[in-house]
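Student: Read off the chains here:
Number of protein chains: 2
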Amino acid sequence: MADEPRSQPFDSPLQLFNSIVSQGERVRSLKDKKAPKDEIDSAVKLLLSLKMSYKALVGEDYSPECPPGSLAPRGKSGPEDGEDFVDPWTVRTSSAKGIDYDKLIVQFGSSKIDKELINRIERATNQRPHRFLRRGIFFSHRDMNQVLDAYENKKPFYLYTGRGPSSEAMHVGHLIPFIFTKWLQDVFDVPLVVQMSDDEKYLWKDLTLEQAYGYTLENAKDIIACGFDINKTFIFSDLEYMGMSPGFYKNVVKIQKHVTFNQVKGIFGFTDSDCIGKISFPAVQAAPSFSNSFPQIFGDRADIQCLIPCAIDQDPYFRMTRDVAPRIGYPKPALLHSTFFPALQGAQTKMSASDPNSSIFLTDTAKQIKTKVNKHAFSGGRDTVEEHRQFGGNCDVDVSFMYLTFFLEDDDRLEQIRKDYTSGAMLTGELKKALIDVLQPLIAEHQARRKEVTDEMVKEFMTPRQLSFHFQ
Amino acid sequence: MADEPRSQPFDSPLQLFNSIVSQGERVRSLKDKKAPKDEIDSAVKLLLSLKMSYKALVGEDYSPECPPGSLAPRGKSGPEDGEDFVDPWTVRTSSAKGIDYDKLIVQFGSSKIDKELINRIERATNQRPHRFLRRGIFFSHRDMNQVLDAYENKKPFYLYTGRGPSSEAMHVGHLIPFIFTKWLQDVFDVPLVVQMSDDEKYLWKDLTLEQAYGYTLENAKDIIACGFDINKTFIFSDLEYMGMSPGFYKNVVKIQKHVTFNQVKGIFGFTDSDCIGKISFPAVQAAPSFSNSFPQIFGDRADIQCLIPCAIDQDPYFRMTRDVAPRIGYPKPALLHSTFFPALQGAQTKMSASDPNSSIFLTDTAKQIKTKVNKHAFSGGRDTVEEHRQFGGNCDVDVSFMYLTFFLEDDDRLEQIRKDYTSGAMLTGELKKALIDVLQPLIAEHQARRKEVTDEMVKEFMTPRQLSFHFQ
Numbered sequence: 001m002a003d004e005p006r007s008q009p010f011d012s013p014l015q016l017f018n019s020i021v022s023q024g025e026r027v028r029s030l031k032d033k034k035a036p037k038d039e040i041d042s043a044v045k046l047l048l049s050l051k052m053s054y055k056a057l058v059g060e061d062y063s064p065e066c067p068p069g070s071l072a073p074r075g076k077s078g079p080e081d082g083e084d085f086v087d088p089w090t091v092r093t094s095s096a097k098g099i100d101y102d103k104l105i106v107q108f109g110s111s112k113i114d115k116e117l118i119n120r121i122e123r124a125t126n127q128r129p130h131r132f133l134r135r136g137i138f139f140s141h142r143d144m145n146q147v148l149d150a151y152e153n154k155k156p157f158y159l160y161t162g163r164g165p166s167s168e169a170m171h172v173g174h175l176i177p178f179i180f181t182k183w184l185q186d187v188f189d190v191p192l193v194v195q196m197s198d199d200e201k202y203l204w205k206d207l208t209l210e211q212a213y214g215y216t217l218e219n220a221k222d223i224i225a226c227g228f229d230i231n232k233t234f235i236f237s238d239l240e241y242m243g244m245s246p247g248f249y250k251n252v253v254k255i256q257k258h259v260t261f262n263q264v265k266g267i268f269g270f271t272d273s274d275c276i277g278k279i280s281f282p283a284v285q286a287a288p289s290f291s292n293s294f295p296q297i298f299g300d301r302a303d304i305q306c307l308i309p310c311a312i313d314q315d316p317y318f319r320m321t322r323d324v325a326p327r328i329g330y331p332k333p334a335l336l337h338s339t340f341f342p343a344l345q346g347a348q349t350k351m352s353a354s355d356p357n358s359s360i361f362l363t364d365t366a367k368q369i370k371t372k373v374n375k376h377a378f379s380g381g382r383d384t385v386e387e388h389r390q391f392g393g394n395c396d397v398d399v400s401f402m403y404l405t406f407f408l409e410d411d412d413r414l415e416q417i418r419k420d421y422t423s424g425a426m427l428t429g430e431l432k433k434a435l436i437d438v439l440q441p442l443i444a445e446h447q448a449r450r451k452e453v454t455d456e457m458v459k460e461f462m463t464p465r466q467l468s469f470h471f472q
Numbered sequence: 001m002a003d004e005p006r007s008q009p010f011d012s013p014l015q016l017f018n019s020i021v022s023q024g025e026r027v028r029s030l031k032d033k034k035a036p037k038d039e040i041d042s043a044v045k046l047l048l049s050l051k052m053s054y055k056a057l058v059g060e061d062y063s064p065e066c067p068p069g070s071l072a073p074r075g076k077s078g079p080e081d082g083e084d085f086v087d088p089w090t091v092r093t094s095s096a097k098g099i100d101y102d103k104l105i106v107q108f109g110s111s112k113i114d115k116e117l118i119n120r121i122e123r124a125t126n127q128r129p130h131r132f133l134r135r136g137i138f139f140s141h142r143d144m145n146q147v148l149d150a151y152e153n154k155k156p157f158y159l160y161t162g163r164g165p166s167s168e169a170m171h172v173g174h175l176i177p178f179i180f181t182k183w184l185q186d187v188f189d190v191p192l193v194v195q196m197s198d199d200e201k202y203l204w205k206d207l208t209l210e211q212a213y214g215y216t217l218e219n220a221k222d223i224i225a226c227g228f229d230i231n232k233t234f235i236f237s238d239l240e241y242m243g244m245s246p247g248f249y250k251n252v253v254k255i256q257k258h259v260t261f262n263q264v265k266g267i268f269g270f271t272d273s274d275c276i277g278k279i280s281f282p283a284v285q286a287a288p289s290f291s292n293s294f295p296q297i298f299g300d301r302a303d304i305q306c307l308i309p310c311a312i313d314q315d316p317y318f319r320m321t322r323d324v325a326p327r328i329g330y331p332k333p334a335l336l337h338s339t340f341f342p343a344l345q346g347a348q349t350k351m352s353a354s355d356p357n358s359s360i361f362l363t364d365t366a367k368q369i370k371t372k373v374n375k376h377a378f379s380g381g382r383d384t385v386e387e388h389r390q391f392g393g394n395c396d397v398d399v400s401f402m403y404l405t406f407f408l409e410d411d412d413r414l415e416q417i418r419k420d421y422t423s424g425a426m427l428t429g430e431l432k433k434a435l436i437d438v439l440q441p442l443i444a445e446h447q448a449r450r451k452e453v454t455d456e457m458v459k460e461f462m463t464p465r466q467l468s469f470h471f472q
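If you're matching them up, the sequences are chains A and B in order.
So in UniProt numbering, the last spot in the first sequence is 472, and the numbers never skip.
So in UniProt numbering, the last spot in the second sequence is 472, and the numbers never skip.
In isolation and in its complexed conformation, chain A is listed as follows (with noise of 0.2 Å):
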């Protein structure tokens, strides 16, 4: 089937040169101790024997610097010449254009949101689809007519997003699925849970619990503040919500028993060397997926279906709950994927949040917008003036432009901006500003809606309660 989870091959020189690590350490490690002088020279023939295999293997000598392929442990990976790349934690490619999102549907067995999906959920909700559905922003999806059967049918469903809270500096790009989401919540009239990964950040970076969920209350703070209905939206800390529910852990266990190393390596691209936190961490953010991880909300029902808005990086994820979904008898969660929001530096690379230049961030001043989008966003005009007056801009490329697909709302303007700029009547200068019209009260509202959220909002939120909604 196109949908099932795609299973990566099995990196051997990869291994090799883990296993060639792990044996450098362990002979440093006899050393340092003053172990027996046979233990020390039988750990180190074996070393000298690995990096043999691997020169036979690789066709190179080893060095620690330079691990092998294309699933060298995250960070350090990069895809090869022309190739995309996408996983949870990297997504690469070398064209100024970004990611091919049509290749990436064929790559993940995903189906395409065609105009038909669109005017089927116009329909549906009898409201003008949303400009990140008009706009191909949310292109990818799994399932989604399903839900759409689901809905009119009066059947129930809800919805699940969530982030990775690693620091208290949130950028518009992390704004995309939370705007979309709400937006979903409004049109259908439906409960979500927001999960805020806290124990994945703890197990991926430098921090403490403390400070893992301290980002939690942070970032809550920002997604209230995208407007969600109070009484529609649990949103809920990993570390904290697992000790809070009858449902969650449970379902977490049923994932974990379904699901091999074999099959997270495949998927994830985790090694030996990785500690069981990460290894088990799938299943925590699968579980969201089923209706009774929330007893307080769902009752003991299990079967309602899960509607799942995010970023294409996190189908992986997902894939693998699809997976698991039927063999422990609880319904696939429907996915829509949204693309990558780009840097300001140019859509080859995913943002960072902490690189403050390659972003807008939720707490840039009016001024500080102005200069970011004049100083750092990727143009697409010519090197002179005379130059874009003759041949045009390329909006292809322009950051400027393609930030304003995602929050320029009126389709005419836009259009006429394309149409302006590709032939040369506007000016980069004249893009930016349209940009920067745009951003800044953008960014001074949430702001303002914000600063209005208090702890004790944020608590309201977090409290495991009862939803109204209105299949109930």
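Among the clues, some could well be false.
For identical chains, the list gives no copy identity; a pair is met inside one copy or between any two copies.
Cross-link-like lysine to any residue pairs, in silico, SDA-like; alpha carbons within 20 Å at most [as the list claims (entries may be wrong)]:
#  : residue 1 : residue 2
1  : Lys97     : Phe406
2  : Lys232    : Phe461
3  : Lys232    : Asp189
4  : Lys51     : Tyr62
5  : Lys232    : Asp186
6  : Lys232    : Thr271
7  : Lys205    : Gly329
8  : Lys372    : Gln440
9  : Lys33     : Pro326
10 : Lys45     : Asp61
11 : Lys45     : Tyr62
12 : Lys332    : Trp89
13 : Lys205    : Ile328
14 : Lys112    : Asp100
15 : Lys33     : Asn126
16 : Lys51     : Ser22
17 : Lys33     : Lys45
18 : Lys33     : Asn262
19 : Lys31     : Lys45
20 : Lys433    : Phe406
21 : Lys419    : Asn394
22 : Lys33     : Asp323
23 : Lys419    : Glu83
What the hints contain is simulated information worked out from the structure, not anything from laboratory work.
Could you slot chain B onto chain A? The hints should help.
Tutor: Quick look at chain B alone, frame taken from chain A:
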């Protein structure tokens, strides 16, 4: 230090062996799916190279049937002739006397419970040492002197033991840690937490979550019938308590961050085909060793010393726990290890709850006990009465005598039996009768106490709550 967690030598031959197995699977899979020739060639090249490395290291050709060393994967392993093998799932010895426990102390790197330590416990508690101590049934420890230091300095400690509730029927051997733990609770006046690892049983066995939890409730009754003080004892189901405790999951994640798959592979023999639930479970068994897993009992104190009485086969979990503890800022748990309770058929094997004739069950009638002992208890007697009178019996291999060492309180009477049976003055039938006379009332009294354990009492024991104990 002798009782440091043995840092297990990183098991390189086994790792290499496993790499060869994986690589062999990869070659077959590539051939199956008719992969490009150069891909297959390169995979074969690595396979051959790994086999050469193996021969260089181990000194003999790789053979798929013979994994190296004693840490071979479960299910495929067996002790070599004359070698004992102990892990949480397998206990094997070829000796009718059972496991060589002195060797095990050396192998595990624990310390022997010697006369001096027993005397110190007697002085500290002002109580006669339990027969399990007097008779070497609890024979090994880690850091027990540290616990006594704390106790003598009026510093708190707590007890932690547990059970994997795999079936409704418990046998007398299952009671050993509980009988001893109850004594420890009485003489030290300390709180006790009892983990029912129903999540573990769900992961390892063909059980539903509901069945595993059902066994928890049934087994809890037998545990309560051992006489634990309800004001000092908290019994918890992992499946239930994980969703009720603000501290448990946080400690599980902390531990999971500090243990790699390589480590659990080395300690427990997990393979890449094991589910991620098994791989991460050791952290769940480790977490109750830290007092802030129980905020309802200990508040936010993370520094209260834990003492774990358990059978020696559980030690691998706690070697891992002791390795992690200082890295996450917690005290290492201390341990008291018991020998195994022999099967009726002889001390070569651990008992099995699935073979009704392998032991005396807590549900057996007086008649069943009599029949089982007479029919199945392996005898150290001679073939004929004449020979027996002349040469005497062998208490070292006689299971009835072994059972008496566990359950007959009177030291003098036990010694008399040993002398008489060894000399031939006592016949096998008489020895068996002595055991039956001890077991019948023991089991009957247990059954009577168990009958009085109501569902409400179970519920109370299993409710997270404050406990009362002398150091409060």
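Student: Would you mind marking each hint as holding or not holding in the structure?
Tutor: Outcome of the hint check:
Only within a single protomer do Lys97 and Phe406 lie at most 20 Å apart by alpha-carbon distance; the minimum there is 15 Å, versus 76 Å between protomers. For the homomeric pair Lys232 and Phe461, the shortest alpha-carbon distance inside one copy (9 Å) is at most 20 Å, but the shortest distance between copies (37 Å) is not. In the homo-oligomer, the alpha carbons of Lys232 and Asp189 lie at most 20 Å apart inside one protomer (8 Å), although the nearest pairing across protomers, at 50 Å, exceeds that limit. Taking the shortest Cα distances, Lys51 and Tyr62 sit within 20 Å of each other both inside one copy (6 Å) and across copies (19 Å).
Within a single copy, Lys232 and Asp186 get their C-alpha atoms as close as 10 Å, which meets the 20 Å cut-off; across copies the closest is 52 Å, which misses it. When the C-alpha separation of Lys232 and Thr271 is checked against a cutoff of 20 Å, the pair qualifies neither within a copy, at 40 Å, nor between copies, at 43 Å. In this assembly of identical chains, Lys205 and Gly329 lie within 20 Å of each other by CA distance solely across copies; the values are 18 Å between and 34 Å within a copy. Only within a single protomer do Lys372 and Gln440 lie at most 20 Å apart by alpha-carbon distance; the minimum there is 12 Å, versus 84 Å between protomers.
For the homomeric pair Lys33 and Pro326, the shortest alpha-carbon distance between copies (19 Å) is at most 20 Å, but the shortest distance inside one copy (48 Å) is not. Proximity of Lys45 to Asp61 under the C-alpha cut-off of 20 Å is found in both arrangements, the shortest distances being 17 Å within a copy and 16 Å between copies. Taking the closest pair of Cα atoms, Lys45 and Tyr62 come within 20 Å of each other both inside a single copy (15 Å) and across two copies (16 Å). Taking CA atoms no more than 20 Å apart as the test, Lys332 paired with Trp89 passes in neither setting, with 24 Å inside one copy and 35 Å between copies.
In this assembly of identical chains, the alpha carbons of Lys205 and Ile328 lie at most 20 Å apart only when taken from different copies (15 Å versus 32 Å within one copy). In this homomeric assembly, Lys112 and Asp100 come within 20 Å of each other (Cα to Cα) only inside a single copy, at 13 Å, whereas the closest approach across copies is 65 Å. Proximity of Lys33 to Asn126 under the C-alpha cut-off of 20 Å is found in neither arrangement, the shortest distances being 72 Å within a copy and 42 Å between copies. For a Cα distance limit of 20 Å, the shortest separation of Lys51 from Ser22 qualifies both inside one copy, at 12 Å, and across copies, at 19 Å.
Taking identical chains as interchangeable, the C-alpha atoms of Lys33 and Lys45 lie at most 20 Å apart only when both belong to the same chain, with a minimum of 18 Å there against 36 Å between chains. Taking the closest pair of Cα atoms, Lys33 and Asn262 come within 20 Å of each other only across two copies (18 Å); inside a single copy the shortest separation is 30 Å, beyond that limit. Proximity of Lys31 and Lys45 under a CA criterion of 20 Å is satisfied intra-copy only: 14 Å inside one chain copy versus 32 Å between copies. When the C-alpha separation of Lys433 and Phe406 is checked against a cutoff of 20 Å, the pair qualifies only within one copy, where the shortest distance is 16 Å, while the shortest distance between copies is 86 Å.
Only within a single protomer do Lys419 and Asn394 lie at most 20 Å apart by alpha-carbon distance; the minimum there is 10 Å, versus 100 Å between protomers. With identical chains, the CA atoms of Lys33 and Asp323 are at most 20 Å apart between copies only, with a shortest distance of 17 Å across copies and 44 Å within one. Taking CA atoms no more than 20 Å apart as the test, Lys419 paired with Glu83 passes in neither setting, with 30 Å inside one copy and 82 Å between copies.
Hint compliance for this structure: hints 6, 12, 15 and 23 are not met, and every other hint is.
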